[in-house]
Amino acid sequence: MTYQPPKDFGTPESKSDEHVTLTIDGQDVSVPAGTSIMRAAAEMGTDIPKLCATDMVNSFGSCRLCLVEIDGRRGTPASCTMPAEEGMVVKTQTERLKKLRRGVMELYISDHPLDCLTCSANGDCELQDQAANVGLRDVRYGYEGDNHLGLETDTSNPYFDFDPSKCIVCSRCVRACDEQQGTLALTIDSRGFASMVSAGTGEDDFFSSECVSCGACVQACPTATLQEKSVKEIGKPDKAVVTTCAYCGVGCSFRAEMRGEELVRMVPHKEGKANRGHSCVKGRFAYGYAHHGERVLNPMIRTSIDQPWQEVTWEEAFAHTASELKRIQAKYGKRSVGGITSSRCTNEETYLVQKLIRQGFGNNNVDTCARVCHSPTGYGLKTTFGTSAGTQDFDSVEETDVILVIGANPTDGHPVFASRMKRRLRGQDGRDPAGLIVVDPRQIDLVKSPNITADHHLQLRPGTNVAVLTAMAHVIVTEGLTDDAFIKERCDGDAFADWAAFVSDARNSPETLEAVTQVPADALRHAARLYATGGNAAIYYGLGVTEHSQGSSTVMAIANLAMATGNIGRRGVGVNPLRGQNNVQGACDMGSFPHELPGYRHISDETTRQQFEAEWGAPLDNQPGLRIPNMLDAAVEGDFKAIYIQGEDILQSDPNTQHVAAGLEAMECVIVHDLFLNETANYAHVFLPGSTFLEKNGTFTNAERRIQPVRKVMEPLNGLEDWQVTQRLAQEMGIDWTYAHPSDIMDEIARLTPTFAGVSFERLDEEGSLQWPVNDAAPDGTPIMHMDAFVRGKGKFVVTDYVPTDEKTGPRFPLYLTTGRILSQYNVGAQTRRTENTRWHEEDVLDIHPHDAEVRGIVDGDWVKLASRVGETTLRANVSERMAPGVVYTTFHHPTTQANVVTTDFSDWATNCPEYKVTAVQVSPSNGPSDWQQRYEDQAEQSRRVGAVTEAAE
Amino acid sequence: MEVLERHIYMANQIARNLQHEPDPPTAAADHIKLFWNARMLDMMYAHLDAGGDGLDAPAREALNQVRAS
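In order, the protein sequences belong to chains A and B.
Heads up, the first sequence is in the working numbering, so the first residue is 9 and it goes up one at a time.
Heads up, the second sequence is in the working numbering, so the first residue is 3 and it goes up one at a time.
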C-alpha cells in the first residue's frame with residue numbers, strides 16, 4: 009500500500025434520506041439533500057480547489073478558493089457553503105473562476121514562507137497542492153510588505169509544534185477544537201491582518217492553555233502550521249495501515265502511517281465507526297513506550313526472586329517454564345497452577361491463554377483483570393437482559409435526548425466518546441441540546457464545561473449508588489412515569505410487580521434516603537422525571553458503578569430503570585458500560601472467567617463442554633476454577649504454586665497490595681509475560697517479553713461489542729507475537745497446537761461460539777468491524793441489542809435492596825477515598841508513564857476539599873499521609889472544590905503512590921470485584937514517603953537487576 | 003481479613019443481597035454453585051462441621067444446600 013492521505017470531501021456527509029440530482033461539469037450526480045456542491049463534486053471525483061474546508065468540520069466559506077458558477081445565478085458562490093439543489097447546473101472550472109482563484113492564491117502566498125523544499129509539510133501540504141491546482145505562477149505583490157513571516161514557533165506541546173508564520177488563518181484548527189473535540193481551547197485572536205490563531209488566553213502557549221492535545225487541530229491544519237514533531241523528525245510516511253488503538257474501551261480506529269518499519273504518526277481513521285475520525289492524546293500521540301529503553305526484549309529466568317535476572321534464549325525459556333509447570337503439577341496436583349488473561353491483549357491471545365489453562369493445565373484456574381473492573385456488568389446485565397454486554401453502538405448517542413452519566417468520567421476515561429457525547433449535549437446537530445444528569449461524588453468536567461451545564465448533578469456520598477437509583481425508581485413508579493406498554497410486552501410481569509411494590513415503599517423515597525445519599529430529595533425527583541419523560545434516555549456508566557460492595561446490584565438497578573421507562577431496544581437509549589481497557593469486553597467474551605467458556609457458557613454445561621472437549625481433544629474440568637483472590641489465598645496457604653500472567657500487573661492493579669505480594673512471594677514459579685518489568689515482575693521467576701499492538705495481528709472488542717482488526721505494522725522487537733509465545737509454551741508442554749496465524753484462532757472461536765459464528769478475519773477486512781452477535785440471524789452484526797425481545801426472553805426486574813458497605817467512616821478514618829483516572833495517563837501507567845504524557849501528570853495527587861484541608865492544616869502541594877484500616881501511603885495534596893467535603897480522590901497511575909496499599913478487602917457480593925471506590929481514610933500532613941513506599945522501592949530496585957550481581961549503589 | 007473470615011463474610015453478603023428473592027437460601031445456593039470453586043466450598047464445609055461460627059442462618063442453609071446437591 010503506498011501512502012495516500014485520506015480522501016477529503018470538503019464538507020461533512022449529509023444524513024438526509026432525500027436525494028437531489030444536479031449537473032456538475034456536464035455530469036449528473038445524485039446526493040443526499042443538504043450535501044454541499046463541493047462534496048457532490050468530490051463524490052463524482054472532481055476536487056474543487058479549497059483551503060478552509062475539510063470534511064471533519066462544518067463549512068465556513070472564508071478562503072474564497074472554492075468558487076463555482078451556477079446557471080441562472082449571479083456571482084460566484086462558494087461551493088462549500090452552497091447546498092446542492094435539484095436541477096442545478098454547476099461549472100467548477102471557467103476562465104473567470106481560474107482568474108479569481110489565482111488572485112486569491114496569490115494573496116495567500118504573498119504572506120507565506122517559500123521554504124517548501126525544507127518545510128516539514130513538503131509533499132503533504134494543501135496550500136502547496138492548491139497553488140499547483142490553480143496554476144499560480146507569479147506573486148505580483150512581492151514579499152516586502154507587512155507580513156507574518158518572522159513569528160516564533162510555539163514548541164511547548166511535546167507532540168506537535170505551532171508555527172504561526174505558516175498560518176493562513178483558515179480557522180480549521182479552531183473549528184476542529186470546537187466541533188470535533190468540544191474543548192474550545194483555540195480562538196482567532198484580533199481582527200483583519202492582525203488575526204492570529206491563539207491557544208487559551210494571550211498569556212498562554214499551547215501547553216499551558218486548556219488544550220487537551222487530542223490532535224484534532226493538527227489533523228485539520230492544511231499547512232505545516234500545526235504539525236506532529238515526529239513528521240519533522242522523520243519525514244513523510246510512505247504507507248498507511250488501519251489498526252485499532254490499544255488504550256481505552258472506546259477502541260478508536262487509526263491509520264498507522266509508516267516509513268518502512270518506522271511509525272511516523274497515528275492519525276484517526278475517518279471510517280472508524282467507534283471514533284468517526286477523532287482521537288485523544290493517548291491514542292494519537294502516546295505510543296513512544298513501544299520503543300522505550302526499558303522494554304525487555306529477551307526472555308529471562310531466575311531461580312528465586314532475590315537473585316538477578318539471567319537472559320536466556322526463547323528455547324531455554326520455554327523448556328524451563330514448561331518443565332517447572334510440569335514439576336509443580338506433579339508435586340502439588342493439577343489445580344496448583346493457573347493463569348490470568350489480559351484485557352490489553354487481543355481476543356486471540358486471550359483465547360489461547362484460557363485454552364492453555366483449561367486444555368493444557370487441565371483446570372479452570374483462569375481469571376482476568378476484568379474481575380477488578382467490569383465483572384459486575386457481566387453478572388448484572390446477564391441477569392436482567394440475558395447477555396453480558398452493553399446494548400448500543402456509540403452512534404446511538406446522536407439520537408439521545410437525555411444522557412444519564414453515573415460513576416463515569418468520560419472526558420478523562422473515554423475522551424473520544426466524551427467528545428461525541430458533548431456534541432449532542434451542545435446541540436451541534438441543529439437540535440435542542442440533550443439533557444444531562446450526572447451522578448458522581450465529584451464535580452467531573454462534564455458537570456460544567458464550555459457550553460455544557462448538567463441539568464442535575466447528584467453529588468452522592470460514595471457507596472450509595474443503589475440508594476440513589478432505587479429512589480429514582482421510587483419517583484418513576486409512584487408518579488406513574490413507567491412505560492406500561494413496554495413492560496407488559498417485553499418484561500416478566502410478576503418480577504415487575506414485586507419490584508414496583510418494593511421501590512414504592514416509603515423507605516425508598518428520595519426524602520427518606522436523603523439521609524443516606526446526601527442527595528437533596530427535590531433534585532433527585534427532578535432528575536428522575538427528566539430521565540423518565542425527556543424522550544430517548546440513555547445511561548452511560550463506568551467503574552464508579554461496578555467497583556463497590558453492591559456493584560452488581562447497581563448494574564441491575566440501572567437495567568431496572570431502563571426497562572421501567574422503555575429505554576431499551578432502539579437507537580438513542582440503552583444501558584452502556586464504558587469499558588476501561590481496550591479489550592475488556594473481548595477478554596470476558598473469550599472465556600477468561602473461571603466459571604465459563606467462551607461466549608458466557610457455564611463450565612458445568614455438559615453440551616457446551618463436550619463441544620470444546622471434542623475440538624480440543626482433552627477432557628475439561630467441570631467445576632469453576634479459582635478467581636484471582638482465591639489464587640492468592642491458596643498460594644499463601646501453600647497449595648497454589650505457579651501462575652502465568654499475560655499483560656497484567658496485579659501487584660499494582662489489584663486490591664490490598666501487601667496480600668498480593670504475599671501470595672506471589674509464596675509461589676514457586678511466577679511467569680510474567682509483558683512489555684516491561686512491571687511491579688508484578690518483582691516477584692517473577694520467568695519473564696517472557698511481550699509485543700506491542702503495533703507488532704502483531706489480532707482483534708480487539710470495544711465497549712460497543714465491536715470487533716476490530718489489530719494489524720501488524722512492524723516486526724516484533726522481541727521476535728515473537730504474544731499468541732506465538734503462548735503457542736510455543738503450549739507446544740513445549742506437549743500440546744498439539746498448530747496455528748499459523750491469529751485468523752486460525754478466530755476461526756476456531758467462531759466454530760465454538762454461537763455469537764461469533766459469522767466472524768472471520770476476511771469478513772473483518774471487508775467490513776472494517778463487526779458488532780457481535782454475528783451469526784445467521786444477524787449476518788452483519790448487531791449495533792443495537794434486544795430490539796424485539798430480550799436475549800433472555802422477558803426482561804427481568806430485580807429487587808436491589810440497598811445494603812450499606814461495611815467500610816464505614818468513623819473518628820479514626822473520617823473521610824471517604826474514591827479513585828479514578830486522568831486524561832493523560834492510562835490504568836497503571838505502564839505505557840503512558842513511558843511517554844511525554846507524564847508532563848501533564850507527573851505523579852498521583854490527593855484531591856481534597858478546602859474545608860477538609862484547612863482543618864488539617866494542609867495547603868495545596870503539601871505532602872500528606874493517606875491512611876486506611878489496611879495501610880498507608882503518602883502523596884501530595886491538591887486542594888480542590890470539585891470534591892464534596894468529606895470525600896478525597898486520587899488516581900492510581902504511578903507505582904510509587906501505591907493507592908491500592910490503602911484499599912480494602914471488601915468486594916462486590918456477586919462477583920468479588922473489589923470495592924475500590926469506597927475506602928474510609930484519614931489524611932494528615934507528612935514529611936515524605938512512608939516506610940512501606942521506601943521498602944517497596946528498595947525491593948523493586950533489587951528485583952529488577954539483570955545479569956551478574958552488581959555492587960549496591962552508594 | 004483472614005481467608006476463612008472473608009469467605010464467611012462473602013457467603014453472608016450473598017445471602018443478604020438475595021434476601022428478596024422468592025426462596026432466598028436456594029437463590030444463594032444457586033449463586034454459590036455457579037461461582038464458587040471446590041477449594042472455597044471445602045473450606046466452608048469444614049467450617050460448617052466445626053460449628054459454622056459467623057454464618058448467618060440463610061447463608062448456612064445455602065451452604066448446606068450446596069453440599070447436599
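Simulated from the structure, these hints should not be mistaken for lab results.
Be aware that a few hints might be false.
Residues of chain A placed beyond 12 Å of chain B at every Cβ, according to the derived structure [claimed, not checked]:
{"hint": "1", "residue": "Glu160"}
{"hint": "2", "residue": "Gly443"}
{"hint": "3", "residue": "Glu844"}
{"hint": "4", "residue": "Pro858"}
Subject to a maximum C-alpha distance of 27 Å in a straight line, what follows is the list of computed DSS-like cross-link-like pairs (lysine-lysine) [to be verified]:
{"hint": "5", "chain 1": "B", "residue 1": "Lys35", "chain 2": "A", "residue 2": "Lys244"}
{"hint": "6", "chain 1": "A", "residue 1": "Lys278", "chain 2": "A", "residue 2": "Lys23"}
{"hint": "7", "chain 1": "B", "residue 1": "Lys35", "chain 2": "A", "residue 2": "Lys342"}
{"hint": "8", "chain 1": "B", "residue 1": "Lys35", "chain 2": "A", "residue 2": "Lys99"}
A few chain B residues facing chain A, derived, Cβ under 8 Å [as the list claims (entries may be wrong)]:
{"hint": "9", "residue": "Gln15"}
{"hint": "10", "residue": "Gln21"}
{"hint": "11", "residue": "Asn39"}
{"hint": "12", "residue": "Ala40"}
Backbone N, C-alpha and C define an ideal beta-carbon position, used for all residues, glycine too.
Non-interface claim for glycine 443 (chain A), where every Cβ of chain B lies beyond 12 Å: 32 Å, holds
Can the restraint linking lysine 35 (chain B) and lysine 342 (chain A) be considered satisfied, given a maximum Cα separation of 27 Å? 21 Å, holds
Is the Cβ of glutamate 160 (chain A) farther than 12 Å from every Cβ of chain B? 61 Å, holds
Checking one constraint from the list: CA of lysine 35 (chain B) to CA of lysine 99 (chain A), max 27 Å. Satisfied? This hinted pair is violated, its Cα atoms lying about 74 Å apart.
Status of the stated non-contact between glutamate 844 (chain A) and chain B (beta carbon gap over 12 Å): 42 Å, holds
How about glutamine 15 (chain B): closest beta carbon in chain A under 8 Å, or not? Holds, about 4 Å.
With 8 Å as the cut and Cβ atoms as the points, is glutamine 21 (chain B) at the interface with chain A? 7 Å, holds
Was the hint right that alanine 40 (chain B) lines chain A, CB cutoff 8 Å? 5 Å, holds
Distal placement of proline 858 (chain A) relative to chain B, Cβ over 12 Å: At roughly 35 Å from the nearest Cβ of chain B, proline 858 (chain A) sits farther out than 12 Å, so the non-interface label holds.
Given a cut of 8 Å on the nearest C-beta pair, is the interface hint for asparagine 39 (chain B) held or broken against chain A? 5 Å, holds
Proposed proximity, lysine 244 (chain A) with lysine 35 (chain B) (alpha carbon, max 27 Å): The hint is violated at about 59 Å.
Starting from lysine 278 (chain A), check that the Cα of lysine 23 (chain A) is at most 27 Å away, please. 16 Å, holds
This entry does not satisfy hints 5 and 8, going by the numbered hints stated previously.
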